[in-house]
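Take the given structure of chain A and dock chain B to it, following the hints.
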Amino acid sequence: MRHHRVLRIISKLLIPFIMLFALYVQFHGDFGPGGGFQAGVIFASAFILYGLIFGLENVRKVAPPAVVTRLIAAGVLLYAGTGYAGLFGGGNFLDYSVLRADPVAGQHLGIMVIEFGVGTTVAATMITIFFLFAGRDR
Amino acid sequence: MSGLIGDLLAHLPALQVVVPLAAAPLCLLAGRAGLAWIIAFTAAVAATATAAALAYLTFHNGTISYHMGGWAPPWGIEYVVDTANALILLLVSAIATVVLAFCPASVAREIRPGSQHLFYCMFILCLTGLLGIAVTGDAFNVFVFLEISSLSSYALIAMGGHRKALTAAFQYLIMGTIGATFFLIGVGLLYMMTGTLNMADLQARIPAIQDSRPVAAAMAFITVGLALKAALFPLHLWLPNAYASAPSAVSAFIAATATKVSLYVLLRFTFTIFGANFAFLNLPLHWVLLVLAVIAMFAGSFSAIFQRDVKRMLAYSSIAQIGYITLAISLASSAGISAALIHIFNHGLMKAALFCAMGCIFYRIGSTRIEHFAGLGRQMPWTMTAIVAAGLSLLGVPLTAGFISKWYLVQAALQADLWWLVILIAASSLLALVYVWRLVEAMYFKAPPAGREDVGEAPLSMLLPTLLLAGLNIYFGLDTRLPVAMAESAAALLLRGQM
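Chains A and B, in that order, give the protein sequences.
1 is the number of the first residue of the first sequence in our numbering; add one for each residue after it.
139 is the number of the first residue of the second sequence in our numbering; add one for each residue after it.
Chain A on its own, in the form it takes in the complex (with noise of 0.2 Å):
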């Protein structure tokens, strides 16, 4: 791809915003469209077009598979802790509402770090998925 100038060019510019359009989806989930899933998804999507276009060497060296590897599990376990988190608090399972004084409080954190949780994850697999397959014939 090294004489592709133009495609350079342009997924360099675009690569930051297609992030930050993966955050305000992940963040303004809760009160729009969106969530974790769509989020990981759109945020893995920036790594995978730097790939296609800059190497598979280059984006492993910004994405160590071995991190990437760990975040899928770090997600769940970000997501099962909250869950968690609520039964110390005394409530059951996933309950948000303990998790803060006020409940209303406490139900935007919760959604707020189990959609985080998703999506760590989800970004994680997608990259991985990518790895997998871009890595084949090696």
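Please note: incorrect hints may appear among the correct ones.
[Claimed, not checked] Some chain B residues near chain A, calculated using beta-carbon distances under 8 Å:
1. VAL156
2. LEU159
3. ALA160
4. PRO163
5. HIS205
6. GLY208
[Unchecked claim] So these bits of chain B aren't anywhere near chain A, every CB distance computed over 12 Å:
7. THR186
8. ARG247
9. GLY333
10. PHE416
11. TYR501
12. TRP558
13. ILE563
14. TRP575
15. ILE612
[Unchecked claim] If you want the ones that stay clear, here's a sample from chain B, every Cβ over 10 Å from chain A, calculated:
16. ARG301
17. ILE323
18. ARG351
19. ASN415
20. ARG502
21. GLU626
These are calculated hints, taken from the structure and not from any lab test.
This one's a predicted model, so the numbers in the text were calculated from it and none came from an experiment.
Heads up, the beta-carbon is just placed ideally off N, CA and C, and yes, glycines get one too.
Same frame as chain A, now just chain B:
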């Protein structure tokens, strides 16, 4: 302190699922096989303790309901544990624990060193899914957990050593996805008609609209989807390849639990949600299930006789045994449901013992083909004892768990005045005798081939779980209180206010 224990008891239905769920990512983070095994095994032991406590509580105090996230049903997701699913939870988590105890040596032999921790991650995730299917009282939640258990079992099967494991896993993936999709279409139709996904709420709303076509279509879609997942004839084609190609420990776990959990869901949807009157009086479900079950009993056993790979033979035998369970369900009586649940429990024990024994043999001779079994009776006497004990149980010989199953099945058939079924059950058991005898003949009446004189017994860490499972087949043939009492209580609950 009692306050803490009381708190713990109140959250048991959630902990049943979320302890293994949290263990799965920890296994991935552990990165090393030994550490991952410790995490997985601890979670499985905790799940078994939880299931035992739930079984005790539901049997003595009645049904337990848990509101996930504090949201009241029917809006929130409700977990409901009664004696029917408590028995399934106990079977699934206990088998998982014993098979995990069997795992380290077997996995070290069969799985690539770099991905052994992934194996444990997938194993415990599969356990999470199966437990979740059983524990939930929400129809859509069943689908979510069905996918968790299915996706992880595809990955587990693909970890089998041969290239064939990849095609087997892919075949299972296609068939399993079709089954799950059919199930989801059925649940979607029910949601369209009733506006609810909570099982108890569905039960209350369906009678008013049960003459409508979408409800009948929902029943058909759900039954076909679950029959695919349960490998009921003629939807069983994925099963032999999957069981034969999977790593030994995976065959033992999945053969003993996965299809059984699908049959439990079939029981739950047929009797609790749709109701026996709708399924068996408005629609002819009993004839559909009865005919397919009888064909499965004979086709499965008959195919098993001609298999050269013993794991594949046991897989075909599973298809026949699923026929017995479905036959018991099709009788639509209290005795029939009890017989089905008892056989779900006992057959889990038989197949877990037999597939673990196959794992022991594969560990020593690197094959499970029947021609390589020659002379193993003297070289691996304890493994062979386990095979014989579980094999006798499979046949239904008195003093084994299998006899108890057949006894209740025959009684249920006689109660329904279907005496000819008794003849068919006996005839198909004779077919089972043929394939079990082939094994015994190869093991005890042939000399080991040249160059294999030095084969010894499998390591103790594999042998003890195998013998424990085989011993349980004898134990539950003598002391039938646990499965029978739970199953009879469950049958009464499933048929409450019906027929």
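Hints and how they fare:
The interface hint given for B/VAL156 holds, since its Cβ lies 6 Å from the closest Cβ of chain A, which is under the 8 Å cut-off. Against a cut-off of 8 Å between C-beta atoms, the interface hint on B/LEU159 holds, since the closest Cβ of chain A lies about 6 Å away. Checking B/ALA160 against chain A: minimum C-beta separation of about 4 Å stays under 8 Å; hint holds. The interface hint given for B/PRO163 holds, since its Cβ lies 3 Å from the closest Cβ of chain A, which is under the 8 Å cut-off.
Among the interface hints, the one on B/HIS205 holds; its C-beta lies about 6 Å from the nearest C-beta in chain A, closer than the 8 Å criterion. Contact between B/GLY208 and chain A, as hinted, is supported at the beta carbon level, the nearest pair being about 4 Å apart and thus within 8 Å. With a minimum CB-CB distance of about 19 Å to chain A, B/THR186 clears the 12 Å threshold, and the non-interface call stands. With a minimum CB-CB distance of about 25 Å to chain A, B/ARG247 clears the 12 Å threshold, and the non-interface call stands.
Listed as a non-interface residue, B/GLY333 keeps its Cβ farther than 12 Å from every Cβ of chain A; the least gap is roughly 23 Å. Distance check for B/PHE416 against chain A: the nearest CB is about 33 Å away, which clears 12 Å, and the non-interface claim stands. No Cβ of chain A approaches the Cβ of B/TYR501 within 12 Å, the least distance being about 29 Å, so the stated non-interface status holds. Every C-beta of chain A lies more than 12 Å from that of B/TRP558, the closest at about 50 Å, which supports listing it as non-interface.
The beta carbon of B/ILE563 is kept farther than 12 Å from every beta carbon of chain A, the shortest such distance being approximately 44 Å. Look at B/TRP575: its CB is around 47 Å from the nearest CB on chain A, clear of 12 Å, so calling it non-interface holds up. For B/ILE612, the shortest C-beta to C-beta distance to chain A comes to about 39 Å, beyond the 12 Å cut-off, and the non-interface label holds. Every CB of chain A is more than 10 Å from the CB of B/ARG301 (nearest about 15 Å), matching its label as outside the interface.
A cut-off of 10 Å between C-beta atoms confirms that B/ILE323 is not in contact with chain A; the least separation is 22 Å. Against chain A, the non-interface label of B/ARG351 holds: every CB pair exceeds 10 Å, the least being about 34 Å. The beta carbon of B/ASN415 sits about 35 Å from the closest Cβ of chain A, which is more than 10 Å, so the claim that it is off the interface holds. For B/ARG502, the non-interface assignment is confirmed: its Cβ lies about 34 Å from the closest Cβ of chain A, beyond the 10 Å cut-off.
Distance to chain A confirms B/GLU626 as a non-interface residue, since its nearest Cβ pair spans about 31 Å, more than 10 Å.
Checked against the numbered hints above, the structure violates none of them.
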